[in-house]
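So you can see what is in the structure, the chains are spelled out below.
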Amino acid sequence: MNFLAPAAFAFAAAIPVVILFYLLKRKRVVRLVSSTVLWQRFLAETQASAPFQKLRKNWLLLLQILLVALAVLALTRPYFSAQVKPAHLRVVVLDASASMQSTDEAPSRFEKARAEALKWVNALAGSDQMVILQAGATTEVKQSATSEKAALRRALEACAPSHGPTRLVPALRMAESLVRDQRGAEIHLFSDGAVPELREFENKALPLIFHRVGVRGNNAGIIALDARANPENPRQRAVYVSTANFATNAVEGELELRLDGRLLETRAVKVPAGETTPQVFIAEQTTDGVFTARLKATDDLAADNEASLVSLLPKPVKALLVTSGNRFLERALRSVPNAEVSLAGGLAETANGYDFTVLDGVTPAVWPTGNVLAFQVAQSNWFTSVERLEGPAIVDWRYTHPLLRYVGFENVQIAESLAAKTPGWAVSLLDSPQAPLILAGELNRQRIVWVGFDPLNSNWPLRVSFPIFVANAMEWLNPANAAGGQLLVKSGEALRLPLAKPETTARVTFPDGEIKTYQIDPGASEFVFGQTQSQGVYRLQLGDTSMTFCVNLLDAAESDTRPQDSLQLGQFEQVEATTLRRTNMEVWRSIAGIGLAILLLEWWYYHRRTV
Amino acid sequence: MPDALLTPELLRKLEQLQLLASRRARSSLRGERRSRARGQSVEFADYRDYTPGDDFRYLDWNLYGRLERLFLKLYEEERELPVRIFLDASESMNFGEPRKFDFARRVAAAMGYVALCSFDRVSVLPFPATRSGNGALTAEESAARGALRSVRGRKSALQFLKSLEALTAGGSVEFDATLRRGALEARHSGLAVVLSDFLDPAGYENGLNALLGRGFQVDIVQILSPEELNPAVFGDLRLVDAETGVIQEVTFGRYRLKHYQQTVQNYIQRLREFCQRRGIRFFVAPSNTPLEDLLLRQLRKAEVWA
Chain A
0 MNFLAPAAFA FAAAIPVVIL FYLLKRKRVV RLVSSTVLWQ RFLAETQASA PFQKLRKNWL
60 LLLQILLVAL AVLALTRPYF SAQVKPAHLR VVVLDASASM QSTDEAPSRF EKARAEALKW
120 VNALAGSDQM VILQAGATTE VKQSATSEKA ALRRALEACA PSHGPTRLVP ALRMAESLVR
180 DQRGAEIHLF SDGAVPELRE FENKALPLIF HRVGVRGNNA GIIALDARAN PENPRQRAVY
240 VSTANFATNA VEGELELRLD GRLLETRAVK VPAGETTPQV FIAEQTTDGV FTARLKATDD
300 LAADNEASLV SLLPKPVKAL LVTSGNRFLE RALRSVPNAE VSLAGGLAET ANGYDFTVLD
360 GVTPAVWPTG NVLAFQVAQS NWFTSVERLE GPAIVDWRYT HPLLRYVGFE NVQIAESLAA
420 KTPGWAVSLL DSPQAPLILA GELNRQRIVW VGFDPLNSNW PLRVSFPIFV ANAMEWLNPA
480 NAAGGQLLVK SGEALRLPLA KPETTARVTF PDGEIKTYQI DPGASEFVFG QTQSQGVYRL
540 QLGDTSMTFC VNLLDAAESD TRPQDSLQLG QFEQVEATTL RRTNMEVWRS IAGIGLAILL
600 LEWWYYHRRT V
Chain B
0 MPDALLTPEL LRKLEQLQLL ASRRARSSLR GERRSRARGQ SVEFADYRDY TPGDDFRYLD
60 WNLYGRLERL FLKLYEEERE LPVRIFLDAS ESMNFGEPRK FDFARRVAAA MGYVALCSFD
120 RVSVLPFPAT RSGNGALTAE ESAARGALRS VRGRKSALQF LKSLEALTAG GSVEFDATLR
180 RGALEARHSG LAVVLSDFLD PAGYENGLNA LLGRGFQVDI VQILSPEELN PAVFGDLRLV
240 DAETGVIQEV TFGRYRLKHY QQTVQNYIQR LREFCQRRGI RFFVAPSNTP LEDLLLRQLR
300 KAEVWA
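Sequence lines, in order, name chains A and B.
Counting along the first sequence from 1, when you hit position 516 you're at 515 in numbering that gives the first Met the number 0, and nothing is skipped either side.
Counting along the second sequence from 1, when you hit position 160 you're at 159 in numbering that gives the first Met the number 0, and nothing is skipped either side.
What the hints contain is simulated information worked out from the structure, not anything from laboratory work.
A portion of the hints provided could be inaccurate.
[Stated by the list, open to error] Computed cross-link-like contacts, SDA-like style, restricted to lysine to any residue with a CA-CA straight-line distance of at most 20 Å:
1. Lys269/A x Glu253/A
2. Lys257/B x Val289/A
3. Lys257/B x Gln39/A
4. Lys314/A x Val289/A
5. Lys257/B x Ala43/A
[Unchecked claim] Have a look at the derived ranges for each label pair, beta carbon to beta carbon:
6. Ala596/A x Ile246/B: 16 to 24 Å
7. Phe233/B x Ser126/A: 45 to 53 Å
8. Gln275/B x Ala596/A: 20 to 28 Å
9. Leu69/A x Arg269/B: 28 to 36 Å
The C-beta atom is built at its ideal place from N, Cα and C for all residues, glycine as well.
Throw the hints in and build the complete structure from the sequences for me.
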């Protein structure tokens with residue numbers, strides 16, 4: 000039990016006064032009298048007339064009647080119907096992200112937060128309502144608005160922490176919609192404050208009360224894991240592991256790398272306080288497998304000490320170049336290692352045997368179903384209208400896009416280009432004042448890179464950026480890469496897997512060994528799996544094909560378990576962690592009831608003693 | 000000194016009074032009271048035939064002259080009236096302002112003085128008869144008590160009053176037993192005056208009945224202190240009985256005063272009714288009652304004396 004006004008304990012000084020009164024009362028004045036006969040008769044007569052006697056004017060009686068009346072009045076919970084006072088709404092947002100599994104609070108931050116929230120449930124006043132939201136990677140409404148404490152308790156008991164990141168924005172957005180225009184409504188966030196940007200809620204006057212859990216941020220974890228071909232030896236894999244330390248002291252431990260459970264290497268690592276240490280492991284890999292990196296160090300959060308990655312062996316990229324002749328393009332394609340380029344003058348089939356198709360100014364009879372790099376051709380359903388543009392000037396390009404990595408257009412001139420408005424499925428990579436010149440996007444799960452101009456109508460092929468762009472495009476359009484990316488899922492996010500042919504059931508083996516079977520709608524074109532709350536290696540049996548995917552935390556913000564004293568809402572607003580506004584522990588009813596019982600007892604005792 | 004108990008004016012007034020006994024004196028000693036016995040006095044009672052040996056001086060010679068027969072004149076013998084004053088000298092009588100015992104002694108003195116003036120025999124019996132412990136009787140008091148056992152004649156009045164003054168109160172008493180013993184010890188019945196507060200837990204009925212059974216004319220004066228009638232102490236009290244040591248805890252407030260007074264009146268009324276049924280003359284006197292009011296008005300009105 001906590002106290003809203005501990006200063007009121009000063010009133011406890013009244014207790015000795017009461018005791019003093021009782022001492023005075025108990026200390027009877029001793030009187031020597033001639034005889035007690037008359038007194039005995041007097042007492043006997045008053046007793047004989049019991050249980051009833053004439054009511055006398057007695058201040059003690061009046062006071063006690065007043066007390067009883069007040070207590071009874073309080074117990075009847077009086078209210079004024081004239082003043083319509085809406086019930087207060089409390090929205091409890093329980094952070095269920097991975098960082099809440101830190102054990103700096105016993106037994107864990109999440110359990111502490113849950114216990115705190117339970118106290119608030121217990122303290123819920125009669126007509127007040129409460130909503131319980133669980134905020135992990137996704138926001139779940141565990142209990143809609145109710146004043147039924149049992150349901151609220153059940154809902155809180157049903158909450159469970161996940162390995163996902165904190166996505167407070169949707170939770171707060173939902174909470175805000177619930178408390179909007181409600182007077183006296185409050186949002187109680189039980190979290191460690193390890194949350195990303197909340198700029199959206201600046202100046203919203205959010206009635207947010209932040210209950211901080213967590214006492215320290217003693218945590219180190221793996222925040223990045225990647226496996227690529229070793230540039231020096233294509234048969235080897237380079238596994239990149241980044242370890243970050245958010246504690247105030249340096250962390251020493253061992254970093255071990257396993258491939259399919261087999262220990263490959265153990266390395267002692269020392270991560271200085273507040274820093275990140277990258278490690279690159281070189282490993283031989285002969286088959287597709289799962290790399291698991293594990294940090295063996297003592298810290299509060301175990302969830303981020305392990306990460307897994309499905310590493311597929313590189314396969315040759317098979318590209319079909321449909322061209323009427325472009326040596327620059329052909330050479331650029333062939334220069335990419337591990338590429339098999341076929342040439343064609345036209346396209347009459349869907350080019351199923353190729354990983355992607357390059358359409359160099361040739362409009363195919365049959366459009367390929369795979370990924371496409373298209374130069375100066377446009378399918379009618381890509382754009383609404385296509386115009387021609389003379390001598391477009393290049394004003395900007397999106398250098399952050401993977402396609403334009405190390406690609407610049409500083410001194411590229413273009414004689415002529417197709418011009419189309421940027422459709423919804425694509426983003427513009429290269430802009431002229433009139434129209435985008437290069438677009439990239441995904442339409443019906445088909446990756447498309449559209450270049451509006453013929454490279455030969457520009458001086459781009461003469462620039463070093465052209466082969467780099469082609470190499471980038473090959474990597475981006477390679478479906479194997481895309482699939483490999485799909486196999487690394489952040490916890491809390493969904494795995495989306497295109498179905499090559501209709502499937503009816505999917506069997507998923509969870510990291511803890513549990514097996515679940517899911518029915519798939521016969522018409523579905525992709526399998527979406529959302530139960531990725533816990534991290535680890537999942538195995539998916541889809542029809543007769545089986546595959547492995549990994550769910551990882553890999554979130555620096557989540558690994559940073561330092562409890563925050565305040566939540567920053569945008570630039571100027573912040574919500575301090577509350578310690579005082581604990582709860583309205585409304586136990587007055589019980590206290591009043593006990594007081595009434597004591598009063599009656601005192602009455603009885605007093606009566607029995609005197610007469 | 001006599002004036003300590005009774006003022007000279009009061010003594011003078013008392014001298015004119017005489018105890019009225021509703022019964023004939025049965026004492027064997029001569030006094031000034033009419034009795035059923037025949038003897039020597041001036042009051043003619045009857046005649047009887049002369050039998051040899053009778054005193055010739057009582058022969059009625061005039062009658063012999065007319066009837067020539069010898070008749071003897073009989074006179075009423077005047078006997079004394081034994082007055083036994085039972086004086087409660089227990090510890091409880093030490094209370095009150097003025098003290099109940101003082102008041103009782105003054106009443107006893109007044110009654111005794113009236114009796115002595117009528118040449119009646121007065122016995123003052125303070126009870127308890129003996130005391131032990133700290134309050135044991137002194138030699139002086141024992142002597143006074145002895146002197147008070149039987150006093151007669153007006154000339155003894157001074158000594159009588161002195162002896163009364165030497166008495167003190169103390170100890171506890173068994174009221175009934177004392178009165179029963181007093182009734183048995185008396186050779187002749189007479190007037191019994193009981194001066195007490197009648198606050199014995201064991202009751203008073205048996206003792207009074209014993210007196211009545213012995214043929215006494217019983218007068219009683221219940222003496223209560225003003226504090227007993229109207230207590231002035233309130234609050235949580237631990238009352239200690241001065242005689243028995245019994246402890247009674249009581250929480251007493253002003254609002255219960257009336258109730259208490261009612262209790263006291265009930266107690267007095269019970270005693271009064273008891274007395275009325277048995278022909279006992281009953282008086283109640285708070286110890287602060289003016290003595291003359293009791294002696295000259297109440298007792299006179301009740302024809303204790305005239």
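Hints, verified against the model:
no.	hint	verdict
1	Lys269/A x Glu253/A	8 Å, holds
2	Lys257/B x Val289/A	101 Å, violated
3	Lys257/B x Gln39/A	16 Å, holds
4	Lys314/A x Val289/A	17 Å, holds
5	Lys257/B x Ala43/A	15 Å, holds
6	Ala596/A x Ile246/B: 16 to 24 Å	33 Å, violated
7	Phe233/B x Ser126/A: 45 to 53 Å	51 Å, holds
8	Gln275/B x Ala596/A: 20 to 28 Å	54 Å, violated
9	Leu69/A x Arg269/B: 28 to 36 Å	46 Å, violated
Of the hints listed earlier, those the structure fails to meet are numbers 2, 6, 8 and 9, in rising order.
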